[in-house]
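Novice: Each chain, written out:
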Amino acid sequence: MLLLALDTATPAVTVALHDGTAVLAESRQTDARRHGELLLPAVDRVLAEAGAALGEVTDLIVGVGPGPYTGLRVGLVTAATFGAALDIPVHGLCTLDGIAYAAGQAGLTGPFVVATDARRKEVYWARYEDARTRVTEPAVDRPADLGERVAGLPAVGAGALLYPDAFGDVPAGMPEHQSAGALAALAAEQLARGAELLPNQPLYLRRPDAQVPANYKVVTPR
Amino acid sequence: MADEPLVLGIETSCDETGVGIVRGHTLLADAVASSVDEHARFGGVVPEVASRAHLEAMVPTIQRALKEAGVAPSDLDGIAVTAGPGLAGALLVGVSAAKAYAYALGKPLYGVNHLASHICVDQLEHGPLPEPTMALLVSGGHSSLLLAPDITSDVRPLGSTIDDAAGEAFDKIARVLNLGFPGGPVIDRIAREGDPDAIAFPRGLTGPRDAAYDFSFSGLKTAVARWIEAKRAAGEDVPVADVSASFQEAVVDVLTRKAVRACRDEGVDHLMIGGGVAANSRLRAMAERRCEDAGITLRVPRPKLCTDNGAMVAALGAEMVARGRAASSWGLSADSSLPVTDPHVPAPAGHDHDHGHVHDHDHVHELSRKNLYA
Ligand SMILES: [Zn+2]
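Protein chains in written order, with our numbering: chain L, 2 to 223; chain P, 111 to 484.
Everything labelled a hint here was simulated from the structure, so no lab data went into it. Not one of these hints is a red herring.
Covered stretches of chain L, as calculated for chain P (at least 3 residues, CB under 8 Å):
1. 29-43
2. 67-74
3. 84-90
4. 202-210
Over the 10 Å line for every Cβ pair with chain P, so calculated as not near, a few chain L residues:
5. Asp20
6. Val24
7. Ala51
8. Gly105
9. Gly111
10. Arg121
11. Val141
12. Gly148
13. Ala152
14. Gly153
15. Leu163
16. Ala173
These figures come from a predicted structure and were not determined experimentally. Ideal Cβ positions, reconstructed from N, Cα and C, are used throughout, including at glycine.
Could you put together the complete structure from these sequences and hints?
Specialist: Okay, structure coming up:
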C-alpha cells in the first residue's frame, strides 16, 4: 500500500506519502491564495524525498472539505485527474476529520470541536467524541450562533483560534491547519479496516454566490 | 513527432469545459461540456457556478475526448491548457487538471493564451496560418484586432474595445428585448426576419479622429435601449426583428470595416475571424463581401471552433511543440489577466521542468466582473 494524500481545503497546501504504516514524506505550506501554484511542486517534492514515483502509488487520499471553494477544488481536481490517469482509486475524507486525528496525535483526548475559517465571518466545524469519532455533520455557521453546541469543549483549528469568544480553550500544541500526514494515517487505518471512505466530491456546504446582475436599468432620463 | 505533435488541450476560462485532441493541424476530438443553461436565469455567467461545473465535468470530458480521438494517453506529446485570460476560479480548475495529467503521464505542460488559441484554431480548418496573420477576435469577453507574425511567440494588439465587448452588447440588447441569455444566437436568428436598415443606430469610434482600430459598443447599446424605451413609452409595439437586425448591422459594420482597414494599412492580404461572435451569420456574410471587394482572403473556422473549446488550446499547444517552445513549470499560475502579448507561459529561464517553481506574485483572485461566454 502506498498512499498519496493531499488537502487544499484550508490555507495549508499539504501533501504526504504513506506506506500504510508510517508517513514517508510530507510537505506543508500555508498560503491561502496560491494553492494552484504550490500543489504540484509539493507532490513532486514529496515523491522525490521518499524516492518514489507517482506510478507506484496505490491509492489517492483527498480532503474533500469543507473549505473555501477556489482552493478546495485544486486538490479535488488534482486527485481526480491523477486517479483517472493512473487508474487508481481516489478516497475522500472530511478535512475536519484529518485535523481531529492530528489533534489526537498531539495528545488531545475526550470530546472536542474542530473549526476552520470559512471566511465571511463564519466557521466550518464539527464535534468529535474522540480523535476518530465525529458526532455531528460538518456545518458552516457564524461563531456567535454556536452557543451551547460547542460550549465547554476544547476546540482546535484556525477557526477556534480566530473566534476565541465563541469557542472553548484551544489547548497548546494543537494543529491549526490540515496535515496530509495525519489525513493519510487516518485513511490508512480506515482502509485497513475495510471501511468505505467518501467519494471525491466537494463539501461546499453553501450554495454558490449566484450574483444575479442588477435588473436592466432604464437609461432614458425621466 | 516534431512535425505532427499529438496534443491534448484543456480549456476552462469561462463556462465551457473543453478538451480537444489534435495531431499537428488535424482535429481528432473536440469534447465540450457547457454549463450555459445553469447561467441563463442569471443573465450572465456566474463564476462560482462555472467553477463547480468545471470540477464535475473535467475528468469525464478528458475521457470522452480520448475515446473520440481513439488515442492512448501515453501517445500524447504534450498537454496544453488555457493559463489565461479568463475567470480566475474557472481557469484554476483546468490548470490544476492539466498539471496533474501531464505529471502523471510524464508529458510536458504548455500553459497557453486563450486569445492566441482562438486564432490558432483556424489551422485545424484551413491549414497553416499565414505569417503574419491579421485576426479579429470577437466574443462576450473580448473584441480585438491582433497582428500575429508568429502565433507561438509574437502577437501584437492593434486595437480593442474601450468599453463593452461585442458579445456583451448582444447579451444586453437581448435582455432589453426580453430574449434571454446568451443574446448572440437569438438576435442572429430574429434579425433574419428584420430590416438591417430600418433604424440608423450609431457606429462607435468611426469618426476621422477616433482610434482607427479600437471599438466601442457602449454608446450603441444605450442608443438601442433608448430607442426601445421611447417606443414602449409611446405605447407602441417594439419591432423586435427590425431592432435586432439594425443593432446587429451596426456592430458588424464597425467590426468588419475596421478589420479590413487594418489589413489594408498593414499590407496583410487575409483576415482571420474568431471568438463566439464569429458564429454570427451576418458578421460572416458581411466580412465575406468586404474582404472579397478588398482582395482579402477571409478565414473563419466553423462555428463550433469559434466558441470556446479545447481543440483550440490543443492546436496552439501542438504549434508550441512543433516550434520547440519551452514548456511551462509545475508552478504555472492561472492568470486571469494574462496579456495577449504572451502567447504562452514558459518556465522561467534556467528553470528545470522537474522541479517546481513558484511565482512570487499573486495571481489567483476570483473575478466576478464580466461575462466571458466565448
Ligand atoms: Zn474565448
